[in-house]
Each structure stands twice: as C-alpha cells, then as structure tokens.
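Asker: Listed here are the chains, written in short residue letters.
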Amino acid sequence: MQIKDDKYTKILQIIAYVVVILGSIACLLPFLLILSASFSANESIIKDGYHLIPAKFSLEGYKTVFRFPDEVLRAYGVTFFTTIVGTTTGLFLMTMAGYVLARKDFKYRNIFSFYIYFTTLFGGGLVPWYIMMTKYLHMTDSYMALIFPGLMTPFLIILMKNFIRSAVPEELFESAKIDGAGDFKIYWRIVLQLSMPGIATVGLFLALHYWNDWFTSSLFINDPHKYQLQFHLYNVINSAAFMANMGAGTGVSLGGDLPTESTKMAMAIVVTGPILLLYPFIQRYFVKGLTIGAVKG
Amino acid sequence: MLLPALIFFLLNAYFPMIGVYYAFTQFDFNSSLFNAPFVGLRNFEFLWKSGTLLRLTLNTIGYNLAFIFLGNVLAIVCAILLSELRIKWFKKLTQSIMFLPYFVSFVILSVIVYNVFNYENGFLNTLLAQFGADPVDVYNKPVVWIFLIILFYLWKNLGYSMVIYLASITGISEEYYEAAKIDGAHIFQRIWYITVPMLKSTFVVLLLFSLGSIMKGQFDLFYQLIGNNGVLYNTTDILDTYVFRSLKVTFDIGMATAAGLYQSLFGFVLIMTVNYIIRKINDDYALF
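Residue numbers (the working numbering), protein chains in the order written: chain A, 1 to 297; chain B, 298 to 585.
Next comes chain A alone, as it looks inside the complex:
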C-alpha cells in the first residue's frame, strides 16, 4: 500500500507543479509583452511587430511620454485625488453604516438592511441613473461625479457589518454605554480600533476601484483636464487604434504626430506602475481579508 501511495502522490505533485507553473507563466506573459514593447524602438515594432524580447532596445517610448508630461501628470493627479478622497470618505460612511446595522439593539436594522440590499436586486438601469446624475444632480465635469458613485456598495457595507459583528463583542457596547460613552464615541473609540483588518480589506477594494476606474470619466467628464488616468490611457490607445484601422482601410497612413506603438506601451507601463510596485505589499492584506470573508460565508 505504501508504495502505491507514493506513486500517486508523485504523479499529483508533478501535475500540480506543471499546471501551476504554466498558469503563472500565462498570468505574467502579457505583462512581459507590454514591458518589452515599451522598451522597443518604434521602427522595429512597425517593421517586425511586437516581440517578447525587444528586437531593438530603446527608451524613446518613455521619452515621448515624459516630453510633454502635463497630461499624464494631471491625469495622475486626478486619479490620486479621487482615490484618496473617495477611499477615506467611503470608508468613513460605510463603517458608520456597518456599525449601526451591526448593533443588535437597533430596532430597524432589518428594514434598513433590506433597504440597502434591495438595490442589488433591482435598479432603474444605467440610463435613468445617468440622467439623474447629469440633469438633476448637475455632476457633469465635476470631481464629485468621479467620487460619488463609488462611495458605497451594498456588498461592502454588508461585509463591513459582518466584520464589526465578529470583531466587537456585544457586551463591549453595553459596558461602554454604562461608562457614559455616546454612540459616536463608541464607534470612534472602540469599533474602529477593533475592526482594523476589515477596514483594511474594504479600503483596498475601494482604492482599487477608484484607481482602475475609467467608466465614470467616460460617462460624466468632457473636460480632458479632469480625465482619470485609466481613461486617459484608454483615449491614447483607442484614438491611435482607430486611426490605424482607418488608415489600413483606405491605404493612407495617418501616422503623423499620433502616439507611436512604443509610446502607447510605455504609457501603459507608466499607468500600471504604482500597482505593480505596491502589489507585493497589499496582496497579503487582500488575501487575509478575502479569507476571513470566505470563512464567514
């Protein structure tokens, strides 16, 4: 029996290593392609196409991106601003909501939970929401439009509620109350201190959402100075791709002063950079938070 056991285990080990290595390569390869292209000379891309290793090494892509850094830097600024303001405000509001809903002595918590949850079941759809935002709340071209829609989601509020419920024992509320603490003081002094892992997880979700957002820009922002980073990149790629397709159809090259291939890829790297740099550090918290959430069901 022991010999057979070893054979099967060995087979599984081999399968596991092969699959996991292949999977990892598949996940990394696309990034390498972009990275390599961003360091390639533009003519060599146009002549020979993209390669996994730069056919001709060059920094011109990055030079072009930073020759006129205004646009990129401004988009960076917008994204930084919305990410920081959105994440802190959203966290503040969602922890408060989660705290109230977690309190068992709050009589109407079931009604309000449903009030929040129901919005995931049924909604007016994109168009009425868009009209509401632009015509009635007058959010076109305002930073508010970039921040407001992502502030809270039912999923994260419920997650927050569960975190608080498991981190703060019920008796703590009561004893704090007896000591004369008001509801807000309990929230600020006790709940926030005890539910840090939950706050970190929800905060990461929020920050990731704001950092990667291009959709709100595309809906509400007409002023290029207020484009988010991702939408800026989207425009750079797409205007160029569109022109290239047009050119291919008509046999006319519309090259000119359009962003060149290597510049586009360099731009993509510049946009992704912060995430790739921060990733090793934040990934741990994400896994931890997801793990707690998953075990809770």
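FYI, nobody ran anything at the bench for these hints, they're computed from the structure.
Watch out, some of these pointers could steer you wrong.
[Stated by the list, open to error] Stretch-level coverage of chain B by chain A, calculated; a stretch enters the list once three of its residues show a Cβ under 8 Å from a Cβ in chain A:
| no. | region |
| --- | --- |
| 1 | 349-360 |
| 2 | 374-385 |
| 3 | 572-578 |
[What the hints assert, rightly or not] Coverage of chain A stretches by chain B, computed from C-beta distances (three or more under 8 Å per stretch; other residues unrestricted):
| no. | region |
| --- | --- |
| 4 | 22-34 |
| 5 | 281-291 |
[As the list claims (entries may be wrong)] Facing chain A, from chain B, some residues (calculated, C-beta under 10 Å):
| no. | residue |
| --- | --- |
| 6 | M314 |
| 7 | F321 |
| 8 | K388 |
| 9 | Y399 |
| 10 | A426 |
| 11 | W452 |
| 12 | T467 |
| 13 | F485 |
| 14 | I511 |
| 15 | V540 |
| 16 | T554 |
| 17 | Y559 |
| 18 | S561 |
Every value quoted in this text rests on a predicted model; they were computed, and no experiment measured them.
All C-beta atoms in this analysis are idealised placements derived from N, C-alpha and C, irrespective of residue type, glycine included.
Dock chain B against chain A, hints included.
Answerer: Then chain B, alone, in the frame of chain A:
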C-alpha cells in the same frame, strides 16, 4: 449615523428607479420626466421585433454561464493543486502571480489584447510570420472572440476565486486526511472524497451570488475588448454594452432605458426564482 448611507442609496438607486418611466416614452435629452411623449410599449416592441432583445439575452446569459461554470471549476482545480505544493516560497510566489491580473485595470487588458492581436504588428502575427504562416485578422472573426472573451475573463478572475477556495481548503481539518490515509486511500481518492465535497458549500454560495447577477454582464471586459467594433456585435454584444452604446453613441434614450428595465426585471425575477428553489431544497443556502 446611518443617514448618509440612506441618502446615498436614495439618490443613487431609488430615485433612478422612477426614471424607468422613460422606457415608455420617446425621450430626448431636452424634455423633462413627464412631458416626453408617451408611446406605451413601443420601445419594447421594437427591441423584440428587431431580434435585438433575444440576441442580447442569449449572449448575456450564455457568457455568464460559461464564466460561472468554467471559472469555478478551474478555480477549484487550481486551488487543490496549489494546496498540494510542498515548497512554501514557491506556493506563495505562484499564488501571488496568479492573483496579479485581478489588480490591473480593464484598460490595461485592452492594451494587452491590442498588443497581441492587432493586425499590423501584433505579437500573434509576428509569431505566425516567423513560422512562415499568413497573418490573421482576428478583429474580423466574430466567432474567435467568444473564446477570447472567456479566456480573458478567466485570466483576470481566476486568482481571485482561487484564493477563496484555497481559504476553504485550509479550513478542512487534517484529521479527515489522516483517517483516510490509514484506511489506505491514495491522494487522488483523498482529494475526490474529502476535499471536493468539503468545497461544496463555498461553491454553492459563490454560484448563487453569481446566478443572481447573471443578467449583468462584465461590462468593462466586453467594452474594453470589443469597444464599438460593429463587426463583432453578433457574438459579443451583451445588454450592458448595448445600453451604454445607445446612451453615449446613438442617443436612443428611450430604447436604452427599455433595454435596461428589461435587464433589471428579468434579473429580479431570476433571483427570486433561484432563491425560491434554493429555499425549497436547503434553507441554509438561501440568499435572503
């Protein structure tokens, strides 16, 4: 302290619900809510008769089913294999790498697709040229995109669900495995008879959550990969992309609202049905 949340959802979700009235009007952007001409169900009728609604529904549901089942099964397989790895640092490293795509934006995904598949100098055609084969214009082949979309969905989301399954695997008590080992079960039997059944509840919970949102496709994914490329609509248009286009490109506001309302209603009925069935079978798994 709950007030901000209540106001937020009132503005962001409940007031727009009133706006579904636009679905029954011939709305343009200058008229206000109740002075747009009322046309009854004509918007829906048009969507239905032109075949748009049917096509969008089939695409939306089809893709989502593929995402849900392939995504979960692959995530389970990968999580099990990963959990069997013995070298600690290697396990950590590969898990991080496979989780990485989840963190980059969909715009970057579109850059990747452009890099690999664009006709003139994409990586694929470079590769084909090296083997002396003819270049392929992927952007003109609608059927290929079915697989590409599913592939890129898996690429982006596998790491995320894998981590969740990995967490439940770690939660399984060692004793079961020890007992099975003593009874002479080899590793494949241990996985099949212990790990897989233990993952059932996680699987069911994730499945139910995703079934509920089956009418909401992955808008970002589809829009960033396909954009406004009309050649590919037949196989790649879903309700979300149609509504977005009608709003931003063709300005069919009434039609877009109608499609959106149909999506919400259909989704709502679907969730209710699923939840009802679950409750009949096993109350513990019900969503509410």
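Asker: Can you list which hints this structure breaks, lowest number first?
Answerer: Those not satisfied are hints 1, 3, 7, 14.
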